[in-house]
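Each chain, letter by letter, is given below.
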Amino acid sequence: MVVAAAEAVGRMLASSFGHGVSILTAVATREFHLDPEIRPVVSASLTLGAVVGVFGIVFGVGAVSAGGSVLQACAMSLLVFTGASQFTAVSVIDGGGTTGSAMSSAMLLAARNGVYGLTMARHLDGSLARRLIAAQLTIDESTAMATAQSDRRSRSTAFWITGLSVYVFWNLGTLVGAIAGSSIDPRTYGLDAAFPAGFVAMVAPHFSTRNGRAAGLLGGLICLVTIPFVPVGMSILCASAAVLVGVRNP
Amino acid sequence: MNEINWFLVLGLALGAYTCKVVGLVVVGARTLPRVVDRCLILIPAALISALIVKDTLSVGQDLVLDARALGVGAATFAAWRRAPLVLVIVIGAAVTALARALGTA
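The listed protein sequences correspond, in order, to chains P and Z.
Residue numbers for the first sequence follow the working numbering, beginning at 1 and rising by one.
Residue numbers for the second sequence follow the working numbering, beginning at 1001 and rising by one.
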């Protein structure tokens, strides 16, 4: 019953929110001369961007309250640009930790972007300069959205649109949060579940092959089992071991 | 009491970008044996599934079962029914918010 009611509320919210997104989508597809087929990707990446923006506000507030200046908060989002690491660094400092421990826990989370890069390299091409820019945008959202697409061209488009949309919203949010200084609690709106929910939809296409299913289930299981025993962020890296199911034939 | 400082900001910027460049530009561009290729293609499935588990079932190093599990459960059902991504995200957030509101009421 609750689920049905929530689904109805969800549909209602989605349709009003979807209206805003669809206007932006129309503008983006026209301005950047995108294939109309890519429209669902554009609207989905703008939606993700908007959710990320809310977390950007929360990050900006947190960074300033942990003793950072507005400039330092913004520099972190512009240059580091990997949300989970930034939140971890700020929360370690806020909890009285040293710069060194903040740095090392944040780096454990940042390391997975390097692993994503290994996959994304095959889907992106272009000059060295272009790939150096792509590297900065290689994060959870852009990788998940890109690899959920079925052909090379949509994968590349999905990567760039999602990466740029998240980059813009994350940095705008950080600026607003750092200046305004008072936070909304994203948990009230269930936004902390928005990311895993989105990732579920994005991982779904990977589950269509036998190896994909095996790697996904094993990766989730490894993460679950290791969470209580290893530092935050390490459990995601441990899950990389699940790709070894690819050693056997597909 | 420690504060956010430029050493942390710039050190982390350098470290994070190095990870990204090493993966995407340095190692990723090489041609690799087929067996390695078959494994690398599975990275998103493994890591994104792990991310879902972490974001849904943990706070720090503690495993917890809370409103998020209901929300992500509902989102999984919606994704299985092939709902568009935007709808899946909204359902996930709405169910979590609702369960949380009912839980604290």
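Simulated from the structure, these hints should not be mistaken for laboratory data.
Ideal placement from N, C-alpha and C gives every residue a C-beta, glycine not left out.
Among these hints, one or two may not hold up.
Pair by pair, the computed Cβ-Cβ distance ranges are [what the hints assert, rightly or not]:
1. Z/R1081 - P/L221: 18 to 26 Å
2. P/P40 - Z/L1063: 33 to 41 Å
3. P/G126 - Z/V1036: 39 to 47 Å
4. Z/L1032 - P/R39: 31 to 39 Å
Computed footprint of chain Z on chain P; a stretch qualifies when at least three of its residues, placed anywhere within it, have a C-beta under 8 Å from a C-beta of chain Z [stated by the list, open to error]:
5. 80-86
6. 136-147
7. 152-163
8. 166-175
Selected chain P positions facing chain Z (in silico; Cβ < 10 Å) [as the list claims (entries may be wrong)]:
9. P36
10. I38
11. A73
12. M76
13. A180
14. G181
- Against the structure shown, which of the earlier numbered hints fail to hold, in ascending order? Structure breaks hints 3, 7, 8, 9, 10, 13 and 14.
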